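**Q** One-letter residues, chain by chain:
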Amino acid sequence: MELLNLFKRSVSGKSGINELYLDHLRYIKLLENTRIIMNLFGDGQEKACGEYILDVHYVTAMVEETIRVLGTLVFDACVMRNHGGDALFHQWDDQKKRAGKILLSVQNGSWLQGSSGNEDPEYRLLKDVLNWFDPEKGDKKSSVMGFVREIFNHIMTRTCTVPFPFTDMPALAIPCQGIVHRIHFLPVGDETPLSGKSSVEASDCRPLRVMFRDSPQNAITSDSGLAHVRWAAVMNGPFMSLGFREGNRILCQVDICLSGERDGDYVFVFMHDRMIPEPLIPLEFSTSKINDGILAWCYDRPAAVMDDTLALLGSRLFSTPLGLEQILSDIRR
Amino acid sequence: MNRFQKTDAASYPVRFRYEALRSLMNSNVHALKMLGDLGADLNHARYFDPRIKVPVQRLIHESFLMVQELNLLAENRYDDLYEVLSSIRNETERIFNTLPESPGDALALSLDTEDALDHRQVGTKASMLARISRHMPGTVPPGFVISAKGYRHFLDANDLNERIRLLIHNLDMRKDQETFNVRTRTIREWVMQARIPDEIIGAIEASAKATAVGDDKWAVRASAVDEDLSHTFASQYESMTGVTTQNLTDAYRRVIASRFSDQAVSYRIHSGFREVRTPMAVLFMPMIDMTLRGYIQTRDINNPQENVMELHIKAMDDPLKSDVFRVMGGRALRWIENYDQKDTAKGTLTQQKLTEERLCDIAGQGQIARERIGDDLHIEWALDQNGTLKILQAQRLELAQPEEMKRTNHDSRILAMGGISIVPGRAEGNALYLKSPAHFTPAHKGSIVIVDEALPDFGPILTDIAALLVIGGHPTDSLATLARECSLPTIFQMGPVARRLVGKRRISVNTMKRTVYEGSRWRSMRERVFARMAESNRVKGRSPLYDRLLRLNMTDPDQPSFKAKNCLSIQDTVLFIHEMSVRSMFGFGDQQTGLFSTSSRLKTDLPFKCQVIDMDHAVSSPKKNPLPEDILSLPFNALWKGVSDKNLIWTQHWKHEMAGLHPDLKEAVFESNKGPRRVTDMNYVIVSKDYMNFNARLFHHYIMVDSHMGPGAENNEIHFRFRGSGGIEKNRSRCASFIETVLGRRGFSLDRKGDIVTAWMRCYARDESEKVLEDLGRLVVCVRELDAILKNDADISRYADHFIKGSYTIFA
Amino acid sequence: MDMKNIKIMVIDDESIVGKRLKPALEKTGAQVETFEDPESALAHFYENPTDIVVTDIRMDKIDGIEILDRVLAKSGQTKVIIITGYATVEIAREALSKGAFDFIAKPFKPSDLRVIIERAAQDLTP
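Chain order of the listed sequences is A, B and C. According to the working numbering, the first sequence is numbered sequentially starting from 1226. According to the working numbering, the second sequence is numbered sequentially starting from 627. According to the working numbering, the third sequence is numbered sequentially starting from 51.
Hints were generated in silico from the structure; no laboratory data involved. Note that this is a predicted model, so its numbers are computed, not measured. Any given hint could be a false lead.
Claimed, not checked - Capping the alpha-carbon separation at 27 Å, the derived lysine-lysine pairs in DSS-like fashion look like this:
1. 1321/A - 1315/B
2. 1397/B - 1326/A
3. 1272/B - 1315/B
4. 659/B - 148/C
5. 1229/B - 1315/B
6. 1397/B - 1322/A
7. 111/C - 1431/B
8. 1397/B - 111/C
Excised from the complex, chain A in its bound form (with noise of 0.2 Å):
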């Protein structure tokens, strides 16, 4: 049936490599626009303190920009997975109606009513709008952090439907405490940061040179008998998406932008529970658990403090790879 082929994406060869760019490229978007949610948020409840000068404007684009990015990042989600996308439009959906009950309230003059003496009613309704994002108490489900959870859950842990395409992909091995880490790299452009490289010192990727900074390669004469893990990694200037699967399944995803500018930098970390993943990432990070893993983010540091912390997180991955050590025993059965 035609809308079937709507869904449908090549598997093989060049268009598997379009595939996985385009991925990290829509999940690029995605994240930036996560950024943005909170990032309001966060400005939201700074300009709640009091000390600002605000008006009704203010409190009424922050819901209105955050429905738009939600209908973003919703759409990017189901391009990436489009299986079961329809619960998240209808969730959508439902936070428009709630942002819509909020700004009706201004249009109709009821949002200047009932404020105490003191409180201006601008800082009323930026509170009521704060609540929408993130109640301290009640349904957090329905908030608007609840939804963007629910966005990454769809696309962490729902079965990816074009896999990693290994075969057209180089690779470099890296050796790392009794494991090598097989780093298979998307060719993008003619020039890809690890051609004709022998190690990661020597990679153009600034983002996998500071992961593996502090983390020591062994030097061996022979993988074997060592265990093995994949990884793909897309590196494209200051970013990179590095991720792990079972099958399938996204076991671990590290995306990473270091430019160096500090609004733009960020790590954003999947880990399944597979991986065993508390001890794993740095107290640094700010976390939330979905439904089979952890979400764990760092952004907004200074550059030296993003590199340590990467620095830090790689070294916890590829040196202690606790999780990973009970996955590949699982598949050497």
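Given the structure of chain A, go ahead and fit chains B and C onto it with the hints provided.
**A** Coordinates of chains B and C only, in the frame set by chain A:
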């Protein structure tokens, strides 16, 4: 439930498709904006600047995602676009990884240093003097330059770059002189109030001390950088003489400020110069105590094939008075004649001071300079108290070669003769008398312009006219230099006889013969004139990124070459994606009607067929043929209010013209079978309570209106797209111009490519958005057969005025 | 010019602005008057021109750009600072090119505006 049955609300695949289309609409506008910003950025920043690199990478990423969305809608029919984008991405990365050799970084340079030969550091004026000094030691007075780097440092230290860029954006003296004058004045004020960094002050003081000779008087001149070395910016910037050492810093600031005079800014904009490629260096030279001065042109511009130089001697008390001598070049210089016979046979000014032998000596210096530099030159010189020749300024002399043309009209009457040929050449056009350049409008493009005086203010229009006839003027005026740079056929000192030409429709001019004829005299002259104008208007010194990002190679979606694999730039790709996504809207509509019956025919008395696709219960009570009032969609209601305005007349011009003709013949004659839809195909409107996408073919034209309207303003947006198709090209173009004019006045942001007009408006409050949609509804009706009514370009404004005023009978 | 001698007029149709800015700016020592109605504000300005005018850009009856024009026409010395809740490039361009001293986007802290006002005060000739 079978999801392919008609449902109360849209099923997931339908919803997904509709959201994909909306995403594409928004991405298209965003991409157009990014392309526009990049075009402006490349005017002010080097291509390897992070301010350029980051947005370029972002634009390429977004383009990939747009292609993915298009392929999701079109079942992977446009996979070729991935290769196109990959190629563009790879090439831009190669360009970014190749940094050009950077010029030196001295703030101040003496004219006798090696670096002073580098025009990128010191400007064309100073570098020319440095070269002459190198080849002819002792002829050029000492001097120093505050370099282009100094200029950039001055701007950076005062945070002026962004602010200047903000004000220069979209400036056009011809379209809005008042705004233009206000903004350039503001920039000059900023410069005059800016602090000169200590490093520059120190550099000026130290260099002046090292260079000073004799009297404490300096000449401070702009030495503009033109990285292509093709232009002199003659008299565009201020020069100051008699400046004391104490005031050199202030003089520096004034010269920088002169870069933003009305004339200079207008000249750069209209000549297509990018700000980043034309920074300014400033030349400081101690003044000569002179006994005599003048200039040399190493070639007679009227007879460039002869080896004859012109030597001008200026009166010390009146620079407009001069003696002019012609000197034969070659092995032995020979004085020929006093060219200007007005005063005396041999020139009273010079007679007492110079012998013929001395005249030839002076001219001989010009010949040596020409030989050493390898170019014909215009040289300003002076004799100091010892009688030694000093060269004060020199620039390349532009010599235009007249083309051979076949004469077609042997009987064309001579209307006027006389004057001095400044630039030889031929041209044809309507005669236009101008008192001021402000009276020049785009409709006057290609005219032969007649002016009273050779004011440099006319510089900006030179690239848009066929020829220039000046009633007064002097060959040494800067406007003459500018005309030469544009290779514009020009006559000066035509006298009052030129006024006879005013009001003449078509005239031809041969400036070499200093003759003006009635009517067209040469075959194909008009086309040659426009080709020359197009060449003159070509943007100078394009960034290496231009071709792969901004150049538009495909403009006609109806051409067989309009294919994915023929897209060469991001601009092409964005246009292609948008066109294909609009076509897929029609496909989507056809599917809903044919396969899934999830649409219904709109019931209306208007001669217009449209299917309604309801996304979220926007049709109040589902029925087979809803009336417009049954549709509870805010944007649709607003648009329909305009479409059904009782004051509009649904014209039937083409129907009457073609009455009785076979439909196939009608379609062939008007090419209305071109394009993805036939006139008889269905039109669609997708509605939800706060959204509408209206997509229609209305006779020749395709119109799309896409709008979201919510209770707040932030997410209110209206996108409009018009595409002409079929019919006569000129008429389609006029239609597009009409739409552009109306929407521009209405406050839309616009992008026009050929017959495709894309317009958008965002973040307006709901009631304002409703009014705009009503207007668009009226526009949709008025434009239906507009190509049958608009007969000439002058009608465009008139019809636009009527539309804006709400007077629609003219469209009948 | 010393802040104690500075007179400031604040014009914004949203009461929160005047209510919060008046005490915040009076801390600098300046004399501050606030208006919610731009027409009354202008009428008052014509009688008693102030040194600095802080005005919102979007108001119903008269917008900030018109206030800028009319204030400068009456008193070229007055420094006009624009408050905007819609920080757009076009508004910045128009305001700067018409002679606004500076602009600030909502939401802002009163201390941020104080910095701009102090700069404006320094530019004033006594």
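**Q** Which earlier hints turn out false for this structure, listed by number in ascending order?
**A** none
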